[in-house]
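Enquirer: Chains as they are written, first to last, in this note's numbering: chain A, 18 to 448; chain B, 3 to 321.
Honestly, the hints are just simulated from the structure, not real lab data.
Just so we're clear, the structure is a prediction, and the values are computed from it rather than from any experiment.
There's no promise every hint is true.
Stated by the list, open to error - Cβ-Cβ distance ranges computed for the label pairs, FRET-style:
#	chain 1	residue 1	chain 2	residue 2	range
1	B	P288	A	P119	39 to 49 Å
2	B	T71	A	V333	31 to 41 Å
3	A	T162	B	Q239	33 to 43 Å
4	A	T428	B	D13	40 to 50 Å
5	A	E155	B	Q239	27 to 37 Å
6	B	M114	A	D92	27 to 37 Å
7	A	E427	B	G293	38 to 48 Å
8	B	R252	A	V333	45 to 55 Å
9	B	E218	A	E411	44 to 54 Å
10	B	G216	A	V333	33 to 43 Å
11	A	Q306	B	G216	12 to 22 Å
12	B	A320	A	V333	21 to 31 Å
Think of the CB as a built atom: it goes at the ideal place given N, C-alpha and C, for glycine as much as any other residue.
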Amino acid sequence: MSSLLITDGRVIDPSQDMDRVTNLLIENGKISAFDIAIEDASTNDSVTHINAGGKIVAPGLVDMHAYLGEPGGEDDETIHTGTRAALSGGFTSIACAPNTNPPIDTQGTVQFVKQQAVDANHCHVYPIACVSKNRRGEELSEMGTLVDAGAVAFSDACSPISNPELMRRALEYLLMFDKPLLSHPEVRELSDDGVMHEGLVSTTLALPGMPAEAEAVMTGRDILLAESTGGRIHLMHISTAGSIELIRRAKARGVRLTAEVSPQHFSLTDEALRSFDSNKKINPPLRGQMHLEACIAGLKDGTLDVIASDHQPQAVEKKMQELDRAPFGVIALETALSVVVTKLIRPGHLDWLTALEKMTIRPARVLGIPKGTLQIGVDADVTIIDPDANWTVEPDAFFSKSSNSPYLGETLFGRATTVIVSGIIKFERNS
Amino acid sequence: MHAPVMDNSIDTKNWARADLLGLEHLSADEITAILDAAQQLKERTGGCAEKIDLLQGTTVANLFFENSTRTRTSFSLAARRLGADVIDFSASGSSLSKGETFIDTAKNIEAMNVNTVVMRHRTPGTPQLLAQNIGCSVINAGDGAHEHPTQGLLDIMTIREHREKIEGLTVALVGDISHSRTARSNIWGLKKLGAHVIVCGPSTLVSRRWEELGVEVAYSLDAILPRCDVLNLLRIQFERQITRPFPSVREYALLYAMTGERMARAKEDILIMAPGPINRGTEVTPEVADGPHSVILHQVTNGLAIRMAVLYLTHEAAR
Numbered sequence: 018m019s020s021l022l023i024t025d026g027r028v029i030d031p032s033q034d035m036d037r038v039t040n041l042l043i044e045n046g047k048i049s050a051f052d053i054a055i056e057d058a059s060t061n062d063s064v065t066h067i068n069a070g071g072k073i074v075a076p077g078l079v080d081m082h083a084y085l086g087e088p089g090g091e092d093d094e095t096i097h098t099g100t101r102a103a104l105s106g107g108f109t110s111i112a113c114a115p116n117t118n119p120p121i122d123t124q125g126t127v128q129f130v131k132q133q134a135v136d137a138n139h140c141h142v143y144p145i146a147c148v149s150k151n152r153r154g155e156e157l158s159e160m161g162t163l164v165d166a167g168a169v170a171f172s173d174a175c176s177p178i179s180n181p182e183l184m185r186r187a188l189e190y191l192l193m194f195d196k197p198l199l200s201h202p203e204v205r206e207l208s209d210d211g212v213m214h215e216g217l218v219s220t221t222l223a224l225p226g227m228p229a230e231a232e233a234v235m236t237g238r239d240i241l242l243a244e245s246t247g248g249r250i251h252l253m254h255i256s257t258a259g260s261i262e263l264i265r266r267a268k269a270r271g272v273r274l275t276a277e278v279s280p281q282h283f284s285l286t287d288e289a290l291r292s293f294d295s296n297k298k299i300n301p302p303l304r305g306q307m308h309l310e311a312c313i314a315g316l317k318d319g320t321l322d323v324i325a326s327d328h329q330p331q332a333v334e335k336k337m338q339e340l341d342r343a344p345f346g347v348i349a350l351e352t353a354l355s356v357v358v359t360k361l362i363r364p365g366h367l368d369w370l371t372a373l374e375k376m377t378i379r380p381a382r383v384l385g386i387p388k389g390t391l392q393i394g395v396d397a398d399v400t401i402i403d404p405d406a407n408w409t410v411e412p413d414a415f416f417s418k419s420s421n422s423p424y425l426g427e428t429l430f431g432r433a434t435t436v437i438v439s440g441i442i443k444f445e446r447n448s
Numbered sequence: 003m004h005a006p007v008m009d010n011s012i013d014t015k016n017w018a019r020a021d022l023l024g025l026e027h028l029s030a031d032e033i034t035a036i037l038d039a040a041q042q043l044k045e046r047t048g049g050c051a052e053k054i055d056l057l058q059g060t061t062v063a064n065l066f067f068e069n070s071t072r073t074r075t076s077f078s079l080a081a082r083r084l085g086a087d088v089i090d091f092s093a094s095g096s097s098l099s100k101g102e103t104f105i106d107t108a109k110n111i112e113a114m115n116v117n118t119v120v121m122r123h124r125t126p127g128t129p130q131l132l133a134q135n136i137g138c139s140v141i142n143a144g145d146g147a148h149e150h151p152t153q154g155l156l157d158i159m160t161i162r163e164h165r166e167k168i169e170g171l172t173v174a175l176v177g178d179i180s181h182s183r184t185a186r187s188n189i190w191g192l193k194k195l196g197a198h199v200i201v202c203g204p205s206t207l208v209s210r211r212w213e214e215l216g217v218e219v220a221y222s223l224d225a226i227l228p229r230c231d232v233l234n235l236l237r238i239q240f241e242r243q244i245t246r247p248f249p250s251v252r253e254y255a256l257l258y259a260m261t262g263e264r265m266a267r268a269k270e271d272i273l274i275m276a277p278g279p280i281n282r283g284t285e286v287t288p289e290v291a292d293g294p295h296s297v298i299l300h301q302v303t304n305g306l307a308i309r310m311a312v313l314y315l316t317h318e319a320a321r
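Starting from the given sequences, assemble the full structure and let the hints guide the process.
Expert: Below, the structure written as structure tokens:
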């Protein structure tokens with residue numbers, strides 16, 4: 018295996034609180050040394066030299082919320098196309114959601130996903146397994162054997178665990194394995210048949226609304242159960258001011274919980290639905306401006322720990338339907354980093370160190386995986402980012418099998434140019 | 003029976019749209035252009051009773067994905083009055099039940115060289131989606147509870163015939179505002195022409211959010227009644243309600259039905275309108291529906307005039 022020397026890049030590694038221009042040496046697939054002069058490394062002929070001048074050298078990005086289609090949704094995405102999309106977006110590790118068909122609720126399915134990822138040979142894939150059998154919210158899945166097979170976390174994906182008794186049992190049971198439960202907080206009775214956020218826009222368009230309280234009420238329940246059980250709960254794609262305030266208060270009194278937000282929720286609002294474009298239909302829905310601002314405030318003060326893509330590919334024929342029939346979800350792996358740069362870093366809401374922390378070491382710690390860091394000795398997963406690259410989002414340019422992006426036609430800034438997984442260059446983009 | 007056709011017999015200035023998707027995005031001038039054209043057509047056809055061959059050789063397709071009798075009949079007759087051929091397509095028994103998307107269905111119909119598609123659908127926004135995907139004119143005949151522009155226009159035309167000016171009038175829309183496309187189209191059209199609009203009904207069916215758009219929100223019909231020049235009594239859309247928004251029809255009628263007793267407390271020249279079909283006894287009692295203040299049947303005739311005007315104007319703009 019050849020060595021890599023990345024020179025003159027601005028190395029930002031939030032896990033070590035590092036932000037300085039330096040050289041980084043990768044040997045035998047591991048992070049080997051910083052501050053190596055070119056002359057010292059070049060004595061060995063097999064060193065490949067990457068000039069990262071003007072670029073950012075970050076730990077490979079970690080996404081803890083992506084749907085990869087397989088098994089059962091191969092018309093939307095496959096593990097091969099989804100992991101290629103991940104690389105293009107700068108991600109070197111992704112945790113994949115279990116809302117597959119069949120769902121990831123047996124050892125066999127976990128092993129299948131892992132094997133498909135090995136065959137694809139793009140990036141690391143960590144399966145998330147179901148909390149309940151068949152994601153029905155009725156009885157617990159065989160969590161112990163799923164952990165043995167390689168599940169890193171448990172979730173019923175977009176199906177909220179409505180029964181509080183089941184949620185409590187799951188949190189208690191998972192204490193034995195120290196694995197997090199990823200919750201989609203939604204009171205279905207409040208939001209069922211909804212198409213978009215309930216507000217002035219939904220009133221005007223006469224589209225059935227999903228009120229903010231549908232999320233906040235369930236967030237409150239989840240917090241109370243996490244508090245009483247001591248279980249590890251992680252709240253997925255939080256989108257409302259009410260939920261964020263509840264999480265903020267819970268953290269202040271020491272409840273062990275983490276929360277994530279998707280790039281869509283801090284960059285777009287329900288105004289986008291005025292076009293009746295089904296590529297703006299997601300769950301939780303795009304909210305009003307006040308909620309968007311609360312998401313940004315939550316990111317700034319640390320209430321929201323993680324930025325996760327919430328990648329939900331949907332085949333074009335599914336989205337080419339009436340808005341109430343079209344499924345929820347947008348692709349996001351290939352735009353997440355650029356949206357963070359364009360909507361958080363460039364306007365000055367977050368600095369690079371804080372933004373990258375929420376896309377590297379924080380999700381890695383929630384999942385308990387040894388990723389998202391450039392510590393010497395770890396697998397060399399590195400993403401080199403051109404912070405000034407600007408590009409226009411085109412439907413034909415995605416590596417994902419689907420093109421249901423809410424950003425089509427928009428110009429975004431910041432893009433991964435070189436993506437290294439375990440010391441091997443897996444993706445390069447000419448800027 | 004044919005009225006004489008003159009060159010440029012109908013005024014098309016101020017109108018340049020090939021589609022009519024709703025009233026929200028029209029200007030006051032555009033709304034007035036349709037109202038004026040409808041008035042001219044009504045006068046030249048003996049009250050929409052005679053033919054005027056302005057669209058001879060063209061084809062209008064009624065594409066109704068949701069049941070409708072009167073709107074479809076009105077569009078069919080309006081098209082025939084203009085000399086167009088009409089084809090009717092309804093969702094039942096079609097390929098839609100075989101899994102075809104509605105856009106594919108519409109493209110198939112367009113391929114038969116149709117000039118205008120009149121579309122009704124249960125989902126808001128489908129006419130917009132259709133207009134983006136096919137080349138012919140698209141007229142929205144009702145998309146869910148979103149818009150029903152020709153209904154809004156015929157309501158406004160009826161008011162204008164009786165009051166000449168819309169500006170300064172107080173018009174109350176009474177009943178199920180949440181599920182009413184008629185309400186939304188009326189709100190946009192009336193506000194653009196300068197009316198004061200009140201939405202009145204049970205609090206579970208009338209959102210406070212309308213206030214943000216300059217619409218008065220009221221829960222008591224008795225409180226607003228003395229101020230109203232026009233009452234438009236909307237039908238309770240039982241079929242669109244997911245959970246029942248009020249305890250009983252009896253209670254609704256007690257609070258909101260327009261009765262002879264309430265008429266005694268209204269302005270002397272109040273106009274009573276209803277987009278129909280009406281639930282007699284729920285929204286309005288027979289004595290009021292059939293009484294001297296009722297213009298419900300005028301609305302039906304004006305519906306023909308408005309639809310003739312819209313078919314003609316959109317066709318001219320598309321040429």
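Enquirer: Compare the structure with each hint and give your call.
Expert: Okay, the hints, checked on the actual structure:
1. A hinted range of 39 to 49 Å for the beta carbons of B:P288 and A:P119 is inconsistent with their spacing of about 60 Å.
2. Checked against the hint of 31 to 41 Å, the pair B:T71 and A:V333 passes, with Cβ atoms roughly 36 Å apart.
3. Between A:T162 and B:Q239 the beta carbon distance is about 51 Å. The supplied range of 33 to 43 Å is therefore violated.
4. Remark: the range hint 40 to 50 Å for A:T428 to B:D13 is upheld by a beta-carbon distance near 44 Å.
5. For A:E155 paired with B:Q239, a C-beta distance near 36 Å keeps the hint of 27 to 37 Å intact.
6. Checked against the given bound of 27 to 37 Å, the beta carbons of B:M114 and A:D92, roughly 31 Å apart, stay inside it.
7. In this structure, A:E427 and B:G293 break the distance hint of 38 to 48 Å, their C-beta atoms being roughly 57 Å apart.
8. The hinted window of 45 to 55 Å between B:R252 and A:V333 holds, with their beta carbons roughly 50 Å apart.
9. Checked against the hint of 44 to 54 Å, the C-beta distance between B:E218 and A:E411 comes to roughly 47 Å, which is consistent with it.
10. The hinted range of 33 to 43 Å is satisfied by B:G216 and A:V333, whose Cβ atoms lie roughly 40 Å apart.
11. A:Q306 and B:G216 have their C-beta atoms about 20 Å apart, which keeps the hinted 12 to 22 Å range intact.
12. Range check, B:A320 to A:V333: Cβ separation about 28 Å, and the 21 to 31 Å hint holds.
When the structure is compared with the earlier hints, violations turn up for hints 1, 3, 7 and for no others.
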